[in-house]
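Start from chain A and add chain B according to the hints.
There are 2 protein chains.
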Amino acid sequence: METIAPARLIETLSRRYATKQFDAARKIPGDVWSTLEQAAILAPSSYGLQPWTFVVVTDSAVREKLRAVSWNQPQITDASHLVVFCAKSNLVRADVDRYIDRIARVRGVSRDALAGFRDMMLGTVEAPGADHLHWNQRQVYIALGFFLSAAAMLGVDACPMEGFDAARYNEILGLSSQGLSATVLAAAGYRSAGDPSASMKKVRFDASDVIKRV
Amino acid sequence: METIAPARLIETLSRRYATKQFDAARKIPGDVWSTLEQAAILAPSSYGLQPWTFVVVTDSAVREKLRAVSWNQPQITDASHLVVFCAKSNLVRADVDRYIDRIARVRGVSRDALAGFRDMMLGTVEAPGADHLHWNQRQVYIALGFFLSAAAMLGVDACPMEGFDAARYNEILGLSSQGLSATVLAAAGYRSAGDPSASMKKVRFDASDVIKRV
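Protein sequence lines correspond, in order, to chains A and B.
Residues 70 to 283 (the working numbering) are what the first sequence spells out, left to right.
Residues 70 to 283 (the working numbering) are what the second sequence spells out, left to right.
Just chain A, same shape as in the assembly (with noise of 0.2 Å):
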């Protein structure tokens, strides 16, 4: 099994930076693409349900039209590609099942035999009080976790972004009446020459600030 040097996977995690200034004449190559958008396909979340819709914004109107309730951050329009990444504002017994139905057809088996996982699974989704729309968007970070490692893995930049309007994107792209909720950004393309915060120290605490051991 190939595996990356420790130490280049760091270097790599540390050049990595929320870019504010994009190139807007550089796209990003299709294969390379497509890459990113399986990154994010393939990030884990609970249970496996995919709780997620990533909605891919290269039309120029449009973008124009989120940026205006972006605090104007010219990274929407400017950036090669925007996802939005959007939570699932529900979840009901129906999107177990239709998870069900594609695990049986993927893995050749029968429904019958996930009948155990489907009560698990119900009895999450189905208890009182279940608060599906912040479990669905953690599940969100993660896929958004995966695609910002697989861009600076990549040599992609990108900028994560919550400053917008999530009501105004949710009309905008008629996400609410798909049942979806825009949790967060992505831009993604590469840095323009001039962007003064790609040469600035990366600013964390010290590691035992953040990390304890038991």
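None of these hints come from the bench; they were simulated from the model.
No false leads were slipped in.
Intra- or inter-copy, both count: the list cannot distinguish identical chains.
EDC-like cross-link-like pairs, simulated, lysine to aspartate or glutamate; straight-line CA separation at most 20 Å: (1) 89 <-> 231; (2) 270 <-> 181; (3) 96 <-> 128; (4) 96 <-> 264; (5) 281 <-> 100.
Model, not experiment: these values are computed from the prediction.
Just chain B, lined up with the frame of chain A:
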């Protein structure tokens, strides 16, 4: 800038799976473990506030106690390492100031030069009705994503876990008194040769179901 080939990244992320049975005799080497800790530390967070603590549990007696409040799942005790990803339960002005102090020190700039950024963060942190715990928990899931991606790249097996009694974790690890809330776990180590999950096909919905293009 050295990058990895798209096909190799996909192969690596496809090989990753939620490991159910760990080889209890195999430990992660020190340099690899330290790289995994660094990967979590290097994850991005909103404003860079790092509203988290990663509790690394290696003490076997403590892990037995944790297993008892984690549906008796064997990964808790059998994996080489167990990380409890904790969110700060709250965020207050002092957290912002501690972060501003850190930026000033790392980048060699004055606190005055950071006043605008500080005000922006305080506007979010002190907004009426701000839900800090959920916000912080979402950030923690980015760190989880970075940790799991890094593990895959390094050839380390891992299992993200939400099936545990967070309130009991908070008690056993004394987290609440530190202002922390156990949010999600990762067990990490090496799969047992007999883990039936290792050979199961990964189940994902079709890309056309989870990717929308605008």
